[in-house]
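**Student:** Each chain, letter by letter, is given below.
Protein chains: 2
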Amino acid sequence: MANRIFAIMIVLKNTAKKIGVKQMKFIHTADWHLGKLVHGVYMTENQREVLEQFVTVVAEEKPDAVVIAGDLYDRSVPPTDAVELLDEMLFKINVELKTPVVAIAGNHDSAERLSFGSSWYKHSQFYLSGKLTNSFNPVQINGVNFYLVPYAEPGVVRQLLEDDSIHSHQDAMKTLIGKMEESLNPHEPNVLVGHAFVLGGQTSDSERVLSVGGSGCVGAELFEPFSYTALGHLHSPDAIYHSKVKYSGSLLKYSFSEAKQRKSISIIEMDEKGEFTHRYRSLTPKHDMRELEGHLEELLDPHFYEKERIDDYLKITLLDEGALIDPINKLRQVYPNVLHLERKMDITDLKKKQSFNSIRSEKKSEIELFEQFYTEMTTAEFTQDKKEAMATVIEKVLREEGLK
Amino acid sequence: MANRIFAIMIVLKNTAKKIGVKQMKFIHTADWHLGKLVHGVYMTENQREVLEQFVTVVAEEKPDAVVIAGDLYDRSVPPTDAVELLDEMLFKINVELKTPVVAIAGNHDSAERLSFGSSWYKHSQFYLSGKLTNSFNPVQINGVNFYLVPYAEPGVVRQLLEDDSIHSHQDAMKTLIGKMEESLNPHEPNVLVGHAFVLGGQTSDSERVLSVGGSGCVGAELFEPFSYTALGHLHSPDAIYHSKVKYSGSLLKYSFSEAKQRKSISIIEMDEKGEFTHRYRSLTPKHDMRELEGHLEELLDPHFYEKERIDDYLKITLLDEGALIDPINKLRQVYPNVLHLERKMDITDLKKKQSFNSIRSEKKSEIELFEQFYTEMTTAEFTQDKKEAMATVIEKVLREEGLK
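First to last, the sequence lines map onto chains P and R. Counting along the first sequence from 1, when you hit position 205 you're at 205 in UniProt numbering, and nothing is skipped either side. Counting along the second sequence from 1, when you hit position 256 you're at 256 in UniProt numbering, and nothing is skipped either side.
Isolated chain P (complex conformation) (with noise of 0.2 Å):
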């Protein structure tokens, strides 16, 4: 059967030779957010190897290009670490495996530092795109023109194209497509890489577009002229359903709010009419970064943590109720990259909040009360240090408003 879908591949790959069908074969990813710090931990060992595991799947993809729609490190003056480390695997792709890369700065690089040095890496079919221009002229790369569009604020757009209409994200995309169309064959396969915050086609989640309204979006309608647009910005491949208009989501998951999404880079293989297939491929970063919830004591029982991968980045949420003596540290001698930990109230303590106002008519001291307050909402102790604290301040207040 193998071998049949085998011979079938090669019939097919020799008759799109033979009528002459080109394929260009690119990745596309983004949001790769060097130099990151999430709860006050660097991602930049984490994405060091997840780009090493980037760099085997070039060196196995073979792609005509590497395209990065923004955001390559996470802010404008990034750790000295993270600006290397970009140095060094961008050279790896570039020069050592010998791909074109098609890049541009995102709303998180700061345009005019990235650009520096950008004219010398033409040379090796290194395309950056810091800062946005007036010209609009493709890259072109084995028949495919990429037209780059760097982040830009909408207020940039309209200076440099000096339009004065220009007042949203909308505008500016609307506009800067506008001119490209001038000069672009529609016959051609073209490719936009931009980094927007896109929406439309079917968009997974619904309660999102309500709440991001507004000037910030683009419509996904405006990409129609090109055969395939890259996009970056949104941290989730899903974040758009659009046949042609899509995110390849962000190297790795950045916040516990991405804890669910998959991350993966996108493979596209396009003919010369623009045609396209596209397929994920994932990258296994050494650490995960996902969510546990539990009793104390059960997290700490070897018999549920022998199970767990407890080196991964970890929010956890404790489902105890009462006070729990220092539990951060001791959650830490087990899974050493807790990095949030929260409590979580059952229906029980709800109540007990919702009647916290009556609580007084219980006749309980002040100091009491914050005990009870204090235990509820966090997770450390209440100790003796901290009720005498609080005594003299409940007293200072109490004086001060004349109620003792």
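Worth flagging that the hints you see were computed from the coordinates, not collected in a lab. Keep in mind the model is a prediction, meaning the values are calculated, not measured. One or more of the hints may lead you astray.
Straight-line C-alpha distance at most 30 Å; calculated DSS-like pairs for lysine-lysine [said to hold, decoys possible]:
id, chain 1, residue 1, chain 2, residue 2
1, P, Lys-98, R, Lys-122
2, P, Lys-92, R, Lys-131
3, P, Lys-98, R, Lys-98
4, P, Lys-131, R, Lys-131
5, P, Lys-260, P, Lys-25
6, P, Lys-92, R, Lys-92
7, R, Lys-122, P, Lys-122
8, P, Lys-131, R, Lys-386
9, R, Lys-122, P, Lys-62
10, R, Lys-98, P, Lys-122
11, R, Lys-122, P, Lys-131
12, P, Lys-92, R, Lys-98
13, P, Lys-122, R, Lys-92
14, P, Lys-22, P, Lys-98
15, P, Lys-273, P, Lys-174
16, P, Lys-131, R, Lys-387
Following the hints, complete the assembly by docking chain R onto the known chain P.
**Tutor:** For chain R alone, kept in the frame of chain P given last:
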């Protein structure tokens, strides 16, 4: 006469060609300090202008290389317009004028940030060494070997070379040069490009030697193996008088202590034995930096200032005694770029100052005493507002000290 000299020159040049003496010409510059802020004023526009002159000199001289001996930027994270300026100027020199460039990081540059992309620059003979490595192979341009030694702290060199005996800059440079000597061919022209505080030879200013001594300095004798040592760090080309070890001096005057220094670039023509001629070419900034001294009235007199270059960057020293009403704003109406204003006390003033402690016997009130002090020490008026504010302070202090 001129014709005869010209004829002789041609004969000499042809003779040199016949006997096979190859000449290599390079320009030595350093300490551009792009993004420098002097007394609150960005020098970027002045730097742009002088660098444009520099590019013109490169176009005229047609050197085989331009050597920049560190401190391209003034700080590790320079302002973005300085980043754009460096990018633009290096592109003109290296790509448009096709001139090889050899550059190292100085103590003001960030080794890692400056290094980004340097692997790509080599394509077009732009050799940028930001971070010291343990590869001591020279860059070869037209028969001359350039050994690049970017600035590094002794601790960094100690770690890099795994040599615990390195404690000072002297130790570090000695060890580095020792490594280079292992493969250096003394019969070839060898140039070291470094950024250091080098002393030795006939140093111009003996006081300086005494005052700076210690671990920050490097002895000029270390550079003996090299035909020429192109230095950066000290801002005057006269910082050292040595036949083979030279500073080019900074691009511009960067403080009033440099007001009387000449600023230039060095042009070196070297034969294949390492023998060289050395000459200076000066660049003329639109705004010079200089000091001006006089009485306020005189400086504001059109007969005086008509002969002055009023838009230079100025440090003005006023010789007036007593109170002056808002002299800085009056001066700026004539001299828009006054960066610093001082008042000089003559002997009478000094006597007044010395007898300051005895003034109390004159039975002046505290506020009168302060007013006298204020007008002697500053160039501003002691306004009614200031008087009232000060009176409140004096009142408070006297009361607290129980003197009232």
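**Student:** Assess, step by step, whether the Cα of Lys-92(P) is no farther than 30 Å from the Cα of Lys-98(R), and give holds or violated.
**Tutor:** holds (27 Å)
**Student:** Is Lys-122(R) close enough to Lys-62(P), meaning Cα to Cα at most 30 Å?
**Tutor:** Holds: Lys-122(R) and Lys-62(P) sit about 25 Å apart, inside 30 Å.
**Student:** Quickly compare the C-alpha distance for Lys-131(P) and Lys-387(R) to 30 Å and report which way the hint goes.
**Tutor:** violated (53 Å)
**Student:** Checking one constraint from the list: CA of Lys-98(P) to CA of Lys-122(R), max 30 Å. Satisfied?
**Tutor:** holds (16 Å)
**Student:** Straight-line Cα separation of Lys-98(P) and Lys-98(R) no greater than 30 Å?
**Tutor:** Answer holds: Lys-98(P) to Lys-98(R) is near 24 Å, not above 30 Å.
**Student:** Need the status of pair Lys-131(P), Lys-131(R): alpha-carbon distance at most 30 Å?
**Tutor:** Between Lys-131(P) and Lys-131(R) the Cα gap is close to 27 Å, so the pair holds against 30 Å.
**Student:** Could you grab the alpha-carbon distance between Lys-273(P) and Lys-174(P) and see if it respects the 30 Å cut-off?
**Tutor:** holds (24 Å)
**Student:** Holds or violated: are the alpha carbons of Lys-260(P) and Lys-25(P) at most 30 Å from each other?
**Tutor:** holds (29 Å)
**Student:** Regarding the pair Lys-131(P) and Lys-386(R), is the alpha-carbon distance no greater than 30 Å?
**Tutor:** violated (50 Å)
**Student:** Hey, Lys-122(R) versus Lys-122(P), does the alpha-carbon distance stay inside 30 Å?
**Tutor:** Measuring from Cα to Cα gives roughly 13 Å; hence the hint holds.
**Student:** Decide if the proposed pair is consistent with the structure: Lys-122(P) and Lys-92(R), CA atoms, cutoff 30 Å inclusive.
**Tutor:** Holds, at about 16 Å.
**Student:** For a C-alpha distance cap of 30 Å, please report whether Lys-92(P) and Lys-131(R) respect it.
**Tutor:** This hinted pair holds, its Cα atoms lying about 19 Å apart.
Figure legend: structure checked against the earlier numbered hints; hints not met, in rising order: 8 and 16.
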